[in-house]
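Counting with this note's numbering, you get residues 147 to 335 for the letters of the sequence shown.
Hints in this document: simulated from the structure, not taken from any laboratory.
Some hints here could point you the wrong way.
Stated by the list, open to error - Derived CB-CB ranges, DEER-like: (1) Arg173 with Phe224: 41 to 49 Å; (2) Thr298 with Arg173: 23 to 31 Å; (3) Val200 with Asp280: 28 to 36 Å; (4) Asp180 with Gly266: 17 to 25 Å; (5) Asp280 with Asp161: 26 to 34 Å.
Note that the Cβ used here is the ideal one computed from N, Cα and C, for glycine as well.
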Amino acid sequence: MTTDIDAVVQGDRIDVPALLHLLSRKRIVPRIADAEVFVRESMVLLLRHEPTGVSFDVSLAWTAFEHDAIAARTNAKFGSVVAPMARAEDLVVFKAMAARPVDIEDASALLLMYKDIDLGRVRRRLAELAALADEPLLLAGLEQVIERSMSTTPRSKTRPPKSPRTAGSAKRRPPRRTGTTTRRKRTSS
């Protein structure tokens, strides 16, 4: 898996300049010029921890799925640090939505590491988001990842995806303030 840190904050509860100022006190700085402009266009802050060089991406959450993932987070321990972590199912959905080769690799690793992932839930949530994004090929990509992981490890929860009931359930909401969850990826050797 990749070595970087991904975080999700509710987009309707965040003040980007204030967040950048707060993170700069921990030496987490933008990786690109005009980070505030980029985040308005992409909903992602591309950052780097200066002392270690570790990439740190903060996504602004607007969809019902993302807000649900934040609400369902659990705490995970990383050495002496405890941080909020998205459930494995939600991480797989995030990775499948991003669909970059590195994210597909991470989704495969998650499916191998967490044998009890509810694949039906993953499929339903991705189907909702794929419909909103008008990206039906995301589901085919997920199925390839699942097929590969199942050929390595047997699973019990392999229901086919249901059609999303209401695509509007994941629409963006108007601005408010704070709430976070973190997704951390580790490098496998």
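Taking the hints in turn, this is what the structure says about them:
1. In this structure, Arg173 and Phe224 break the distance hint of 41 to 49 Å, their C-beta atoms being roughly 18 Å apart.
2. The hinted window of 23 to 31 Å between Thr298 and Arg173 is violated, with their beta carbons roughly 40 Å apart.
3. Roughly 34 Å separates the CB atoms of Val200 and Asp280, a value that falls within the hinted 28 to 36 Å.
4. Checking the proposed 17 to 25 Å range against Asp180 and Gly266 shows it is violated: the Cβ atoms sit about 42 Å from each other.
5. For the hinted restraint 26 to 34 Å between Asp280 and Asp161, the CB-CB distance of approximately 31 Å keeps it satisfied.
Hints 1, 2 and 4, counting from the list given before, are not met by this structure.
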